[in-house]
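If you read the sequences in order, they're chains D and P.
If you're matching positions, the first sequence starts at 1 in our numbering and goes up one per residue.
If you're matching positions, the second sequence starts at 1001 in our numbering and goes up one per residue.
Calculated from the structure, these hints are not laboratory results.
Where hints are given, some of them may not hold.
Computed cross-link-like contacts, EDC-like style, restricted to lysine to aspartate or glutamate with a CA-CA straight-line distance of at most 20 Å [as the list claims (entries may be wrong)]:
| # | chain 1 | residue 1 | chain 2 | residue 2 |
| --- | --- | --- | --- | --- |
| 1 | D | 20 | D | 235 |
| 2 | D | 165 | D | 115 |
| 3 | D | 142 | P | 1124 |
| 4 | D | 193 | D | 176 |
| 5 | P | 1091 | P | 1126 |
| 6 | D | 389 | D | 338 |
| 7 | P | 1091 | P | 1118 |
| 8 | D | 30 | D | 168 |
| 9 | P | 1400 | P | 1188 |
| 10 | P | 1142 | D | 118 |
| 11 | D | 101 | P | 1140 |
| 12 | D | 142 | P | 1118 |
| 13 | P | 1055 | D | 17 |
| 14 | P | 1101 | D | 56 |
| 15 | D | 91 | P | 1056 |
| 16 | P | 1101 | P | 1087 |
| 17 | D | 317 | D | 338 |
| 18 | P | 1324 | P | 1287 |
| 19 | P | 1225 | P | 1176 |
| 20 | D | 324 | D | 306 |
| 21 | D | 324 | D | 334 |
| 22 | P | 1193 | P | 1234 |
| 23 | P | 1142 | D | 306 |
| 24 | D | 142 | P | 1141 |
| 25 | D | 165 | D | 141 |
| 26 | P | 1020 | P | 1235 |
| 27 | P | 1091 | D | 56 |
| 28 | P | 1055 | D | 87 |
| 29 | D | 55 | P | 1017 |
| 30 | D | 101 | P | 1056 |
| 31 | D | 142 | P | 1117 |
| 32 | P | 1101 | D | 87 |
| 33 | P | 1142 | D | 126 |
| 34 | D | 55 | P | 1087 |
| 35 | P | 1142 | D | 124 |
| 36 | P | 1020 | D | 235 |
| 37 | D | 142 | P | 1235 |
| 38 | P | 1142 | D | 392 |
| 39 | D | 20 | P | 1056 |
Note that the coordinates shown come from a computational prediction; the quantities given were computed from them, not determined experimentally.
Number of protein chains: 2
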Amino acid sequence: MALIVQKYGGTSVGTPERIKNVAQRVAKFKMLGHQVVVVLSAMSGETNRLIALAKEVQPNPDLREMDVLLSTGEQVTIALLSMALMELGLKARSYTGSQVKIVTDNAHTKARILDIEEGNIRADLDAGYVVVVAGFQGVDEKGSITTLGRGGSDTTGVALAAALKADECQIYTDVDGVYTTDPRVVPEARRLKTITFEEMLEMASLGSKVLQIRSVEFAGKYKVKLRVLSSFDDEGEGTLITFEEEDNMEQAIISGIAFNRDEAKITVLGVPDRPGIAYQILGPIGEANIDVDIILQNVGADGTTDFTFTVHRNEYKKALEVLKGVQAHIGAREVSGDDHIAKVSVIGVGMRSHAGIASTMFRTLAEEGINIQMISTSEIKISVVIDEKYMELAVRVLHKAFNLEQAA
Amino acid sequence: MALIVQKYGGTSVGTPERIKNVAQRVAKFKMLGHQVVVVLSAMSGETNRLIALAKEVQPNPDLREMDVLLSTGEQVTIALLSMALMELGLKARSYTGSQVKIVTDNAHTKARILDIEEGNIRADLDAGYVVVVAGFQGVDEKGSITTLGRGGSDTTGVALAAALKADECQIYTDVDGVYTTDPRVVPEARRLKTITFEEMLEMASLGSKVLQIRSVEFAGKYKVKLRVLSSFDDEGEGTLITFEEEDNMEQAIISGIAFNRDEAKITVLGVPDRPGIAYQILGPIGEANIDVDIILQNVGADGTTDFTFTVHRNEYKKALEVLKGVQAHIGAREVSGDDHIAKVSVIGVGMRSHAGIASTMFRTLAEEGINIQMISTSEIKISVVIDEKYMELAVRVLHKAFNLEQAA
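All chains, full assembly: derive it from the sequences and hints.
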């Protein structure tokens, strides 16, 4: 007998019919003798409907009240699933975030979980109940309802699995696992049976949308065994996220290729090469609350230096304005930018022990005439910034160059 | 400065536009220097939508989960109204029933309020907030969400007014007050400026739908000053429900005429006239959980008696079956019934000190050829049961006979 936490997203509970299907699946696990905790999102579309209602009465809605409003979405689905489970003859009981309680800080609409009081849930599980918990929501110490932000239901699932010391946390979604890359770009993309936690973290932060990054971080911190599965496929075993680099033949050097076009590049040319210049450039950016991703600095021969960094594309215009405002002060010759870039990354724990990954990557792109504008590396990933128009091509040729279509 | 509790029904908060109108009205009271607590229902139609969803997954839905589901309706409106109030520059804060907390018993879908912890609300009011509370819902001692049943938002409003010792509890609805009778039946019906609590209780129990009877009982028990107003009319002063029979010229002998066709009549003919026969007839009815309203017994000359009573029309068939099952045992000659009856009542505290009300009523009906089947009286009302087809006629002629179209 195992204790399993299952999290179902909005598409999986989007209609009464689908809720009944989820109940069937839960019943299957229960019949096998497992204890099951289910974490649910709101019905797909419901959160957007509620946000639209809010904006009709307050264009810039108050965040505390936004959480009161949005938390109704999961409250509806947990009641409906509990009913569907009872209709199948199971014992079931729903809990809102406040009822569990899932204690968070008071950062409304993006709260962080501080503690979970798991006593009632454990008692219900021991009494044979399926426990159905509202994802995405919690309660602050004053009793106000909070929400964890978009994708927060994954975090609820992982946090509950950690608190209950569950044997596995299963994230049911509309894809059947983690792929070597997005199959819409590379039809040969292959589902991974396993991926390490570190790789998953890079995949999530570099643009793979399968799991929300905070839930992966949480799983890493509390060593929760995570599995990504499709809620529309009864047979699949999905992708298991592991913590050890298992020493087996399955382990590939490269696990996957992530990409995104969320970023824009800003270049400051011909600034005097003196100590503190990086701070003079990035200080005003930070003060404007703009996050910076990749940073590059090239020292020129004439005592000046060129400075390049990337920001989220939504903040491109704001960042350019900030820098043009300080251009004279820092003595830069020119401030320019490009918001038609893409970031493509190869990821794999295997590259720690294998040289030559970077050169294969750079050679493959060069053979296609794709110019690399920026490079950034970590122990288990290499990212390049290229012209946006080559993004899909780059992903396809790299997928082939690293033989990702074949199981290692 | 007064402390006012305002309750708005589902029609009044049915759209974002109407919610903004409610915010304007609340702002007006706030600007006059009053402290305001607002109690809201769900948007009209929302409760029915949620019930339909529930029945799709569980035809006979679990009551605990039903309450989890239904309570989301008011949670949506309290968040939206709080936002709308803030948009007008007011300080506002929402509370669900659990957050207040409004402690109830655990009779899900028809819970009764046991206690209200009003400390947080009072602190918010003193800090200048408009407090917006979800009607219709509470929380039991284990922390499960409960609901008070249809119309329960009125009860929440009155209970809060009692707990906070509010100066007035204003019930906003889609009519502008309590009328001498339903204006759809008698166009000359007149809005009452005041009505006594006892009269209102009779009006509510005898078919007037303006206020839910439990909320009137609650108001009576805790001496809450209630006012019924229209949420679509800014100028009206509605109807005030008072506790004293004020000794002024305004006080009429008869305040209003109530009517309903919710009942059916059952007659047991020719039962032996012996002690205990009433119990032998009504015992089985009570065991079948059927409520009885009017009861009449006529003793005949031949040592038998005829026994007549009314039940809710929905339970007519069931009641007939029960009695036919025991007919032989109690020795009745015949069990018959009629589900085409109506009850018409004249109500007024003035009849305590005025004779002749009954004779005026009976003469007026006789002049129209309307046969009276049953009569039931209390200190302040006289009800008659007549053939359903004469109901509107009876209401019209009685309204005229008692001069109700003219202010007293």
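Structure-based check of each hint:
1. Our distance criterion of 20 Å between C-alpha atoms is met by residue 20 of chain D and residue 235 of chain D, whose separation comes to about 18 Å.
2. For the proposed pair residue 165 of chain D and residue 115 of chain D, the alpha carbon gap of about 14 Å is at most 20 Å, so the pair holds.
3. For the hint linking residue 142 of chain D to residue 1124 of chain P, the alpha-carbon distance of about 13 Å falls within 20 Å, and the restraint holds.
4. A distance of roughly 11 Å separates the Cα atoms of residue 193 of chain D and residue 176 of chain D; the hinted pair therefore holds under the 20 Å criterion.
5. For the proposed pair residue 1091 of chain P and residue 1126 of chain P, the alpha carbon gap of about 12 Å is at most 20 Å, so the pair holds.
6. Between residue 389 of chain D and residue 338 of chain D the CA atoms are separated by roughly 13 Å; this keeps the pair inside 20 Å, and the hint holds.
7. With a CA separation close to 19 Å, the supplied pair residue 1091 of chain P and residue 1118 of chain P stays within the 20 Å bound.
8. A C-alpha spacing of about 14 Å is found between residue 30 of chain D and residue 168 of chain D, which places the hinted pair at or below 20 Å, so the restraint holds.
9. Distance restraint check for residue 1400 of chain P and residue 1188 of chain P: the Cα-Cα separation of roughly 9 Å lies within the 20 Å cut-off, and the hinted pair is therefore satisfied.
10. Distance hint between residue 1142 of chain P and residue 118 of chain D is fulfilled; the C-alpha atoms sit about 15 Å from each other, no more than 20 Å.
11. As the CA atoms of residue 101 of chain D and residue 1140 of chain P are separated by approximately 16 Å, the hinted pair is consistent with the 20 Å bound.
12. With a CA separation close to 15 Å, the supplied pair residue 142 of chain D and residue 1118 of chain P stays within the 20 Å bound.
13. Note on residue 1055 of chain P and residue 17 of chain D: the hinted pairing holds, with a Cα-Cα distance of about 12 Å set against a maximum of 20 Å.
14. At most 20 Å may separate the alpha-carbon atoms for a hinted pair to count; residue 1101 of chain P and residue 56 of chain D exceed this at roughly 29 Å.
15. As the CA atoms of residue 91 of chain D and residue 1056 of chain P are separated by approximately 19 Å, the hinted pair is consistent with the 20 Å bound.
16. With a CA separation close to 27 Å, the supplied pair residue 1101 of chain P and residue 1087 of chain P exceeds the 20 Å bound.
17. For the suggested pair residue 317 of chain D and residue 338 of chain D, the alpha carbons sit about 10 Å apart, so the restraint of at most 20 Å is met.
18. The suggested pairing of residue 1324 of chain P with residue 1287 of chain P holds, with an alpha-carbon distance near 15 Å, which does not exceed 20 Å.
19. Between residue 1225 of chain P and residue 1176 of chain P, the direct Cα distance comes to roughly 17 Å. Compliance with the 20 Å bound is thereby established for this hinted pair.
20. A C-alpha spacing of about 15 Å is found between residue 324 of chain D and residue 306 of chain D, which places the hinted pair at or below 20 Å, so the restraint holds.
21. Our distance criterion of 20 Å between C-alpha atoms is met by residue 324 of chain D and residue 334 of chain D, whose separation comes to about 9 Å.
22. For the suggested pair residue 1193 of chain P and residue 1234 of chain P, the alpha carbons sit about 16 Å apart, so the restraint of at most 20 Å is met.
23. For the hint pairing residue 1142 of chain P with residue 306 of chain D, the CA-to-CA distance comes to about 65 Å; that exceeds 20 Å, so the pair is violated.
24. The hinted pair formed by residue 142 of chain D and residue 1141 of chain P meets the criterion: a straight-line CA distance of about 19 Å does not exceed 20 Å.
25. Taking the CA atoms of residue 165 of chain D and residue 141 of chain D, the gap is near 24 Å; set against the 20 Å cutoff, the hint is violated.
26. Among the hinted pairs, residue 1020 of chain P with residue 1235 of chain P is consistent with the structure: their alpha-carbon atoms are about 18 Å apart, no more than 20 Å.
27. The suggested pairing of residue 1091 of chain P with residue 56 of chain D holds, with an alpha-carbon distance near 19 Å, which does not exceed 20 Å.
28. As the CA atoms of residue 1055 of chain P and residue 87 of chain D are separated by approximately 11 Å, the hinted pair is consistent with the 20 Å bound.
29. With a C-alpha separation of about 12 Å, the suggested pairing of residue 55 of chain D with residue 1017 of chain P holds against the 20 Å cut-off.
30. At most 20 Å may separate the alpha-carbon atoms for a hinted pair to count; residue 101 of chain D and residue 1056 of chain P exceed this at roughly 29 Å.
31. A C-alpha spacing of about 15 Å is found between residue 142 of chain D and residue 1117 of chain P, which places the hinted pair at or below 20 Å, so the restraint holds.
32. Distance hint between residue 1101 of chain P and residue 87 of chain D is unfulfilled; the C-alpha atoms sit about 31 Å from each other, more than 20 Å.
33. Our distance criterion of 20 Å between C-alpha atoms is met by residue 1142 of chain P and residue 126 of chain D, whose separation comes to about 18 Å.
34. Between residue 55 of chain D and residue 1087 of chain P the CA atoms are separated by roughly 11 Å; this keeps the pair inside 20 Å, and the hint holds.
35. For a cut-off of 20 Å, the pair hint linking residue 1142 of chain P to residue 124 of chain D stands: about 13 Å separates their Cα positions.
36. Pair hint residue 1020 of chain P plus residue 235 of chain D does not hold up; C-alpha atoms about 51 Å apart against a cutoff of 20 Å.
37. Only pairs whose Cα atoms come within 20 Å are accepted, and residue 142 of chain D paired with residue 1235 of chain P is rejected, the gap being roughly 40 Å.
38. The hinted pair formed by residue 1142 of chain P and residue 392 of chain D fails the criterion: a straight-line CA distance of about 56 Å is larger than 20 Å.
39. With a C-alpha separation of about 9 Å, the suggested pairing of residue 20 of chain D with residue 1056 of chain P holds against the 20 Å cut-off.
Of the numbered hints listed earlier, those contradicted by the structure are 14, 16, 23, 25, 30, 32, 36, 37 and 38.
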